[in-house]
Structures are given as structure tokens and as C-alpha cells.
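Input sequences plus hints: build the corresponding full structure.
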Amino acid sequence: MADHSEVAYTTADGNDYVAHEATYEGFIKLVKYGTAAVIFIVIMMAIFLT
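Heads up, the sequence shown is in this note's numbering, so the first residue is 1 and it goes up one at a time.
Hints should not be assumed to be uniformly reliable.
Cβ pair distances, simulated, as ranges [to be verified]:
1. Tyr17 x Ala46: 54 to 62 Å
2. Val38 x Val18: 24 to 32 Å
3. Asp3 x Gly34: 39 to 47 Å
4. Ala46 x Ser5: 51 to 59 Å
5. Met44 x Ala22: 27 to 35 Å
6. Leu49 x Ile28: 28 to 36 Å
7. Leu49 x Phe27: 28 to 36 Å
8. Leu30 x Thr50: 26 to 34 Å
9. Leu49 x Asp16: 55 to 63 Å
Honestly, the hints are just simulated from the structure, not real lab data.
Glycine residues also receive a C-beta, built at the ideal position from the N, C-alpha and C atoms.
As C-alpha cells, then:
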């Protein structure tokens with residue numbers, strides 16, 4: 001049978017953790033500012049459309 005032991009991701013070739021963390025930080029910023037923009041739009045709609 002083939003050996004299906006766990007892959008050690010910390011030692012695996014091809015993992016670019018710096019790029020991964022930069023992408024994750026960018027995603028978090030996008031979600032944060034996107035949520036704030038949607039809340040702002042909803043507040044403005046509540047003020048001006050009623």
C-alpha cells in the first residue's frame with residue numbers, strides 16, 4: 001500500500017506564506033471596508049428615502 005502519512009506543510013516545497021498572509025490581509029481589509037460602505041449606504045438610504 002502507498003504511504004499516506006500527513007503532509008508537513010511547514011516543510012513542503014512551494015508554500016509561499018508571505019504571499020498567503022498578504023492576500024489574507026487584503027481580503028480582511030476588503031471585507032472591513034466593504035461592510036462599512038454597505039452600512040453607510042443603508043444609513044443614507046434610511047435618511048434620504050424616508
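Structure-based check of all given hints:
no.	hint	in the structure
1	Tyr17 x Ala46: 54 to 62 Å	violated, 43 Å
2	Val38 x Val18: 24 to 32 Å	holds, 31 Å
3	Asp3 x Gly34: 39 to 47 Å	holds, 45 Å
4	Ala46 x Ser5: 51 to 59 Å	holds, 57 Å
5	Met44 x Ala22: 27 to 35 Å	holds, 33 Å
6	Leu49 x Ile28: 28 to 36 Å	holds, 31 Å
7	Leu49 x Phe27: 28 to 36 Å	holds, 32 Å
8	Leu30 x Thr50: 26 to 34 Å	holds, 30 Å
9	Leu49 x Asp16: 55 to 63 Å	violated, 47 Å
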